[in-house]
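Asks: Protein sequence lines correspond, in order, to chains A and B. My numbering numbers the first residue of the first sequence as 247 and each following residue consecutively. My numbering numbers the first residue of the second sequence as 93 and each following residue consecutively.
By construction, these hints were calculated from the structure, which means they are not laboratory data. If you're wondering where the values come from, they're calculated on a predicted model, not measured in any experiment. Incorrect hints may have been included.
Derived lysine-lysine pairs resembling DSSO-like cross-links, with alpha carbons at most 27 Å apart [unchecked claim]:
1) B:153 to A:341
2) B:198 to A:341
3) A:365 to B:113
A partial selection of chain A residues facing chain B, derived with a Cβ cut-off under 7 Å [stated by the list, open to error]:
4) 320
5) 333
6) 335
7) 357
8) 364
9) 384
10) 386
11) 390
12) 393
13) 394
14) 397
15) 400
Taking beta-carbon pairs under 7 Å as the criterion, some of the chain B residues facing chain A (in silico) [stated by the list, open to error]:
16) 136
17) 150
18) 157
19) 191
20) 202
Note that the Cβ used here is the ideal one computed from N, Cα and C, for glycine as well.
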Amino acid sequence: MLDWLQGLMERFFGAKCVSLGLYGAPNAGKTTLANKISIDFVGEPMGKVSEVPHETRAVQKKEKVSMKVNGRKLSMNLLDMPGIATKVDYRDFLKYGIEKEDARTRAKEATRGIIEAIKWLENVDAALIVMDSTEDPYTQVNITILGNLEARNIPVILVANKTDLPGSNVKRIREAFPQYPVVHISAKNGHNVDELYKTIFDRVN
Amino acid sequence: MPDLRIEFVSASVLKDFESAKRIDYLLKVIKRGSLIVLEEKLAPDEERLLIEETMNLVNDKFTGIEISSLGAIEANQWKERLIKLLGGKTSGLTVIGPARMIKEIKNDRSKINLLAGFTGDKP
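For reference, chain B alone in the conformation it holds in the complex:
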């Protein structure tokens, strides 16, 4: 059975990046076949951008991502950005991985349950 690599990423790693660069970083890790556990919830427009960029990359081998996050829906994106700009952290957690590696992902708002394994070609 192929190895499973998980990258635990501190929020501080991405705090100086703009949204597009943050998404680029995450997708690069996922395309390498790793799971990411990010120490924050992405902003709604970042989640949107992540789906958009993922769709641009979909092909026979890379079929997309599975993503799940903990933390309330933050409507005030400016507040969230300001917190990050001032070096603070927004609460939450995000788990992302290649779709072909994640067999099941469930979120009950207080915990994420993930079952991973290779379902076909290694991504």
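This is chain A alone, in the form it adopts within the complex:
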């Protein structure tokens, strides 16, 4: 009955468009996941993926993505956020063969991207916190992101990514943040993303 009513409302007033932000530390796999979602529902990727940290240095938007799962529909603006960090050192980029001046420029852009991502915390309707499941999840960046979203009652799903890698430990994420739903995936090979889509519907819709 409720689904029928919702369908009727959407037919007359249009589907509600939800801003879904992908947050996390650099290199957690946010853009890989954003690309997977975008390819699944729009047919094209969103951004470039790189092993060099801070590849995404400005918020990438894909508007009016229509997610359809099991006959349900959700219209959303997908926002791939720059990775949030408390430090940016241009010297870290030199290890990847980037020239000194380019590394400096990249560092400057990365700091601006972090500020932009932080400002967006006030404007998203829901958030996926993407975590590299091979790394310690209990970091200040994750704590700060979660604290700010929780203070605004914004629905959150923790995404334990990179389960295809040896050393992946999803249990560690569940134990660090027991109050949040955790979905384990590999954004790279698409493992379990259907479960993530269902959870997005349950938490956001």
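Position chain B relative to chain A; hints supplied.
Replies: Chain B in isolation, oriented as in the chain A frame:
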């Protein structure tokens, strides 16, 4: 080896400051090259502001901060502010320092383990 200075800051030092002034105070100490041990956990919006202001200051010499805190995520910021306004203290602890000085920082929710040393130019 250069000296390492640690400032242990009582919560009462910052209790009358607004968030922006609290962050300003902390960053001034960190920019001088000191580690801070603050006798409280920052509110989520203060942590956010601290990262934002830190990013505005990042350059070749100051590469940012390392921060770790103990204490539960407090969703009710108004409750936290009210406690502080009434002269009370919220539980928790925050350790902050210049990123180039902190080699490793680990938090297991009941203790913070920190390894400090100068990794390049003195901040």
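Asks: Each hint should be assessed against the structure and marked as holding or not.
Replies: Taking the hints in turn, this is what the structure says about them:
1. B:153 to A:341: holds (18 Å)
2. B:198 to A:341: holds (24 Å)
3. A:365 to B:113: holds (19 Å)
4. 320: Since the shortest Cβ distance to chain B is 26 Å, the answer is violated.
5. 333: This interface hint holds because 3 Å falls under the 7 Å limit.
6. 335: With a minimum Cβ separation of about 4 Å from chain B (threshold 7 Å), the hint on residue 335 of chain A holds.
7. 357: holds (4 Å)
8. 364: Cβ of residue 364 of chain A sits 5 Å from chain B, so the hint holds.
9. 384: holds (6 Å)
10. 386: holds (5 Å)
11. 390: holds (4 Å)
12. 393: holds (3 Å)
13. 394: Holds, about 5 Å.
14. 397: holds (5 Å)
15. 400: At about 11 Å, which exceeds the 7 Å cut-off, the nearest Cβ of chain B leaves the hint on residue 400 of chain A violated.
16. 136: holds (3 Å)
17. 150: holds (5 Å)
18. 157: Holds, about 5 Å.
19. 191: holds (4 Å)
20. 202: At 11 Å from the nearest chain A Cβ, residue 202 of chain B fails the 7 Å test, so the hint is violated.
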